[in-house]
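Student: Spelled out from the first residue to the last, the chains are:
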Amino acid sequence: MSTDVTKKAPTTEAAHHMPGRESADRKQVTQGRWASVLLAPSLILLGIVIIYPVVNAIIMSFQKDSGLDPATGFFVEGGPAGFENYTHWLLQQCNGVPCPPGTLGAQFWDSFGVTFFFTAVTVALETVLGFWMAVIMARSFRGRSAIRAAVLVPWAIPTAVTAKLWFFIFAFQGIANQLFNTQILWTGSEWPAKWAIIIADVWKTTPFMALLILAGLQLIPDEVYEAAKVDGASAWQRFTLITLPLVKPALMVAILFRVLDALRMFDLPYIMTQGANGTSTLSILVVQQIRQGFNTAAALSTITFLVIFIVAFIFVRFLGANAVAAASTGGKKK
Amino acid sequence: MTTATATRTHVAEVPTRRKAFDWGQVRTYIQAAIILVWCLLPAYWMIVTAFREVAYTYDPTFWFTHVSLENFRTVFDESLGNRFGQALLNSLIVAGITTLIALVVGVFAAYALARLNFRFKFLVLGFILGASMFPGVALVTPLFQLFTNIGWIGTYQALIIPNISFVLPLTVYTLTSFFREMPWELEESARIDGCTQGQAFRKIILPLAAPATFTTAILAFISAWNEFLIASQLSNDQTKTVTVAIASFAGSEPMQEPYTAVMAAGTLVTIPLVLLVLIFQRKIVAGLTAGAVK
Chain A
1 MSTDVTKKAP TTEAAHHMPG RESADRKQVT QGRWASVLLA PSLILLGIVI
51 IYPVVNAIIM SFQKDSGLDP ATGFFVEGGP AGFENYTHWL LQQCNGVPCP
101 PGTLGAQFWD SFGVTFFFTA VTVALETVLG FWMAVIMARS FRGRSAIRAA
151 VLVPWAIPTA VTAKLWFFIF AFQGIANQLF NTQILWTGSE WPAKWAIIIA
201 DVWKTTPFMA LLILAGLQLI PDEVYEAAKV DGASAWQRFT LITLPLVKPA
251 LMVAILFRVL DALRMFDLPY IMTQGANGTS TLSILVVQQI RQGFNTAAAL
301 STITFLVIFI VAFIFVRFLG ANAVAAASTG GKKK
Chain B
1001 MTTATATRTH VAEVPTRRKA FDWGQVRTYI QAAIILVWCL LPAYWMIVTA
1051 FREVAYTYDP TFWFTHVSLE NFRTVFDESL GNRFGQALLN SLIVAGITTL
1101 IALVVGVFAA YALARLNFRF KFLVLGFILG ASMFPGVALV TPLFQLFTNI
1151 GWIGTYQALI IPNISFVLPL TVYTLTSFFR EMPWELEESA RIDGCTQGQA
1201 FRKIILPLAA PATFTTAILA FISAWNEFLI ASQLSNDQTK TVTVAIASFA
1251 GSEPMQEPYT AVMAAGTLVT IPLVLLVLIF QRKIVAGLTA GAVK
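Chains as they are written, first to last, in our numbering: chain A, 1 to 334; chain B, 1001 to 1294.
Hints are not guaranteed to be accurate.
[Said to hold, decoys possible] Chain A stretches covered by chain B per the calculated footprint, using a threshold of three residues with CB under 8 Å from any CB of chain B:
#1 39-51
#2 55-65
#3 134-141
#4 147-159
#5 169-180
#6 266-279
[Stated by the list, open to error] Which residues of chain B face chain A? A partial, calculated answer using Cβ under 7 Å:
#7 A1043
#8 P1060
#9 L1139
#10 S1165
#11 L1278
#12 T1289
[To be verified] Ranges of calculated distance between the beta carbons of each label pair, as one might list FRET restraints:
#13 B:L1069 / A:Q183: 27 to 37 Å
#14 A:R26 / B:N1236: 50 to 60 Å
#15 A:I44 / B:P1183: 29 to 39 Å
#16 A:W132 / B:G1081: 40 to 50 Å
#17 A:Q274 / B:A1033: 30 to 40 Å
#18 A:G143 / B:E1078: 37 to 47 Å
#19 B:Q1281 / A:A228: 30 to 40 Å
None of these hints come from the bench; they were simulated from the model.
Glycine residues also receive a C-beta, built at the ideal position from the N, C-alpha and C atoms.
Working from the sequences, and respecting the hints, build out all of it.
Tutor: Next up, the structure:
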């Protein structure tokens, strides 16, 4: 921590009241008080915009939806539902019977699977490609800054525009089919639709990954490589024994960010396929359910939130992707 | 530190030039060219299509042919139901106000996190970081019901409030890592040299913090401008933002996807962002990677 304790005191009002008798302890208390004043607006605001909706969603998820049941056509009253909304999704039960195929309730595990499929494939591809881009960008050559600027272009384009752009590229008469002389219904059939979405996502987010990894690479001192070279390490050995382990903390944080982002993927599949052909992610399923019943949707959004929370927990706890530690101890390590 | 790394040369060996022929360097250039093409070609194709006549939508010619501005007229054609001008205004208002609120509120939190020692700092950072990774759908469901009940669907606050949930954490996180890098010792030096507290703040701290705050503002604005999920669910025709407008576009030919017009709209939305990003490239990269890698 670069924080220098001795000199915030003058900026705090409290410190003016007790000049001259600042023990370290008191300073800590003063700073703590000051910090809570400064943090309060942000935390209260986040509390309103995040915690209130989440608590609300949890309460809603234990209520029955009133209205016509889309599956049975009977009118159902509201009222407490117990875990019914959760079993609706997890066990695919609609009013005690298995949800008929085609209803949203029957799609939960498919959506769950496809969400994780997208996450695994896109993040794996983005990590490999991002690493490659970062290694190239770290080299010194003329025009390097042009490359670094170019990778920001896909990142800056709004995802909705990216989705439309690749939807056009993958149109039946579009440039992809013309270029490769194929006649694939890209966004209209199951596997091509998945790959179209994956390619669009990889195009859009690999630059972010590459920049994070590049920042990690730049923390490795040149002398380490020079020493390894002197010791006769091959390029591959230098990569696996120096680059990889040293860049690992940055890499893990980048992967964590991307995984959590991919798990809530919505824009690309929603615009490119509307979730058809087995591309409906959990987020899309929630949005489709909102129009059919808030409370059932609230249960699903709570499940989605929990799934993402658990994945984040596993990452931080077992894989050492500690973004918080990186942020709170960060700075001035070099 | 972020600034320090940006100026350092690193990792790769600076090649000893003037040797016979440097194959390593050639390989680097080839790979760099592949990255360049992969990143820019789809964006280039969007712009080419945006300027192409509708009849030549699927023309695979690589360069600008059948150039026309009709797509840009279609984009703003209200008779087709494309209220794109309104959508641009909506996006500006929503993203602008969101950014402003996030900055004004976040700057204090970032100062505390970067400069003060207090208990639960780890927890607060964890909460803020977790908030930025929060799935939007978990907000949309309860807010959709709430805003429907109180008649807020179709108002700006219905979009701004949920946007704060991810823009504010991003702002706090980025500003915190920027503030941590700042040479705060200068403040004290200025005071020793006879500056008052106010002068020290105005002449030393403000000029130092301004670029960081500005960069953060750009990042916050871009993330709010690009938001789609919340806007697609909580807006109506009057408050539709550009991303939603682009996703639901009407062309002059019914029953036909208006690709060229959509690409024109996409180009309009993207060009200012890309220019902004290219102009402030170094700072933005620093901001993007700040905190994540230390």
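Student: Which earlier hints can't be squared with this structure?
Tutor: none
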